[in-house]
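In order, the protein sequence lines correspond to chains V and G. Residue numbers for the first sequence follow the working numbering, so the first one is 1 and each next one is one higher. Residue numbers for the second sequence follow the working numbering, so the first one is 1001 and each next one is one higher.
Since the hints were derived computationally from the structure, they do not count as laboratory data. Treat the hints with care, as some may be off.
Computed Cβ-Cβ distance ranges for the label pairs, DEER-style [to be verified]: (1) Trp184(V) / Pro1036(G): 40 to 50 Å; (2) Gln250(V) / Asn1023(G): 20 to 30 Å; (3) Ile36(V) / Pro1241(G): 54 to 64 Å.
In silico DSS-like links for lysine-lysine, alpha-carbon gap of 30 Å or less [to be verified]: (4) Lys1002(G) / Lys159(V); (5) Lys1002(G) / Lys1063(G); (6) Lys159(V) / Lys1031(G); (7) Lys186(V) / Lys90(V).
What you are looking at is a predicted structure, and each value in this text was computed from that prediction instead of being measured. We put the CB at the ideal spot given by N, CA and C, even for glycine.
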Amino acid sequence: MDTLSGADTGTEPGRRTRRFRISSVEVLCAILLVAILGQGWLQQLFDVPALRTGSTVFVAVCVQALPFLVLGVLISGAIAAFVPARVLEKVLPRRAGAAVGVAGLAGVALPGCECASVPVARRLMGQGVAPAAALTFLLAAPAVNPVVLVATAVAFPGKPEMVLARFAGSLATAMVMGWLWARWGKLEWITERALRRLPDVAGGQRWRVFAETARTDLVEAGGFLVLGALISSALNVLVPAKWFGVLGDQIVLGVLVMAVLAVVLALCSEADAFVAASLTALPLLPKLVFLVVGPAVDVKLFALQAGTFGRSFAVRFAPVTFVVAVACAVVAGLLVGVA
Amino acid sequence: MKRETQNILLILLGGALVKIAVNGDYLRYVKPAQQPWIITGGAVMVLLGAVAIVRDVLAARTKVAADPGPDAPDHAHEDGHAHSARPAWLLLVPVLAVFLVAPPALGADSVIRTEARVPASAAAANAAAFPPLPAGDVVPLPVNEFVSRAGWDKAGTLDGRTVSLTGFVVHTDGGTLLARLVISCCAADAFPVTVRLRGGEADHLASDAWIRITGQVVPGTATRANSYTPDFTPASLTTVPAPKDPYEY
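With the rest of the complex left out, here is chain G:
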């Protein structure tokens, strides 16, 4: 592969990184804290490619002006690398994936593929980690925290309280679930937290439809045997647009 092509690829790839970091699509792939890293990394990539192009063009000009190349040792070094650059074509794959395919956030398919787990923090926590829920008729909770409390909170802070959860619909053999994926770094390490819905309305929605439900937990239903999936009695259900930030952390 020629130097020009390598530089173009670097600029394309760096540009792809900057683009998704700026327009917010990066939230489908990594956690929000990565944003400055992605922008910096992408910008450096673009810069390295652009500097090389500018220098090559300038070097070509001076070469036309005075033919013996003054910077011969530098280029000898580059030539040595030229033969090994074939894998560099692979840099095109993420460029095409980002610009043309633009894969969506993980959804129902990975919930079915992965066994539901309980968030790490909950497993080690004791009762002190679960303070009473704030006052109010309906308490909005992350699904993550709801599942943790349902499975591990011995004091029963959820019992008898109405909460509201936001997540997407997943249809499995065992019934209809409301699910949310939790990531700690990027989508490769995502694992689902799930709530089993008792009651019909969500059964008619397609998988991956985003909903907000209010209702109450059925106490004692989140056990190790069912991967800590509590049962939930929904009182109301509304469909909502998919959030920009689809994961919990």
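For reference, chain V alone in the conformation it holds in the complex:
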């Protein structure tokens, strides 16, 4: 009897009866079984050049991004378990406008790429940080941290103004979005689930809360990261290479196309500088736009944001971010003298 209940895992809390119902565990087993039996057929299916390239890019994006997402959920769990809300309230300025500034500069401290910052920003909101400040952190962290800036400097040797312009443009994008949100943003756009405040953690339960928060965040955000990877790998195969080639002379068209490419290619913010630098036919300004837009808004991030903060948030936030990022990049580029 004892072993039965143990193996049978009455683990789902609140399960009422023992009636036979097909649960997700059985579905998972069935899918795995079918997939293993059909492996030969599956491999044949993917033996088309375009699909093969697409599936390689898909796995590459997942393998590259998942460790960063894990880092993000660990930080998120640590905030939930070890940083009581009142500490954050004490550290951040009371006024949202000033908090946005602090949050933007705090982005310097998270050396990861964009996948890591989404769960962290969401947890900050959950701990009572003003949404405007949390969103500023979300946009600033992947773009202005030292790892990304060093990568940019390495990709553009002898052009320190590129690093400066990227830093200024990205930080400006994050802060402008924060202030826009503080002024016009509505809390009801963000799904209630993301804002729910965790109860203060008692001393003995910290590690349990840490593991449980990290696990839940990982399951939720991971699914959306995979969705983003699917979309970006499809676009990676479908976007014609000629887009890169013909833009040498037309600066306005170049800026627009590079902004759109930054969104659809969804490159990691630590790698995009190398891709931009390798496009020798382009002037510097469109490259800068590519570097500022990419970490702020792309298809992978959009999927992550929609999953974390809710769809009605993402469809408002992403387009505005896109416009603000392009504008900030152009202004920063002109001021620093990149163009």
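Since chain V is already given, all that's left is putting chain G on it; use the hints.
What follows is chain G alone, placed relative to chain V:
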């Protein structure tokens, strides 16, 4: 989706990451420096899933022993998330892709799809960046560096020297190429560097066949108009097995 299923998925996905990082397949997808990240990330994933399973089982035991669940607030929190976990099914996609499809490294198809470019470092470099080649009859060079020198080195350090290059065959309208893909982070940002082969032997090989060639550059053939694809006169050609580490960096 039930908690059990989520935990199983986490363990499967984490296991997939650890597996490719340990057996070296990860080199098809990302650069070598990522290996510790992938192992750590995968291990943490497995750990989070395993801890949750163990705790659930233990909690179920204690519940059987003394029926009112002592850890009610914790579980209330988990229940709140249960409804939103449907996208978690997508975690299965990379698991199946890694274990069953195991996509190969990028090859000829992405070379045809992407326009060849010159490595970033070369574009900004000056003559000082291209020291003379080391002495020797045959100098092995990465394709990346060969193309950079052919396109940007005004001092002509390649002219008249015999070099050996390793890459795979790509057949295009313009002829047969030897190509290599350069990545800076993962395969999503790969771009090709290419060399046009003057001379027949490689024409008979299939696309994606790995070869090592020796020969000389045709000076002045790598121009902006042809995306910096220099012409190459091969002296010898041998087929080689595909390297474990298929990209240049």
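We went through each hint and held it up to the structure:
1. Trp184(V) / Pro1036(G): 40 to 50 Å: Holds, at about 44 Å.
2. Gln250(V) / Asn1023(G): 20 to 30 Å: Since the Cβ atoms of Gln250(V) and Asn1023(G) sit about 48 Å apart, the hinted range of 20 to 30 Å is violated.
3. Ile36(V) / Pro1241(G): 54 to 64 Å: Violated: the Cβ-Cβ distance is about 29 Å, outside 54 to 64 Å.
4. Lys1002(G) / Lys159(V): violated, 53 Å
5. Lys1002(G) / Lys1063(G): holds, 19 Å
6. Lys159(V) / Lys1031(G): Answer holds: Lys159(V) to Lys1031(G) is near 25 Å, not above 30 Å.
7. Lys186(V) / Lys90(V): holds, 24 Å
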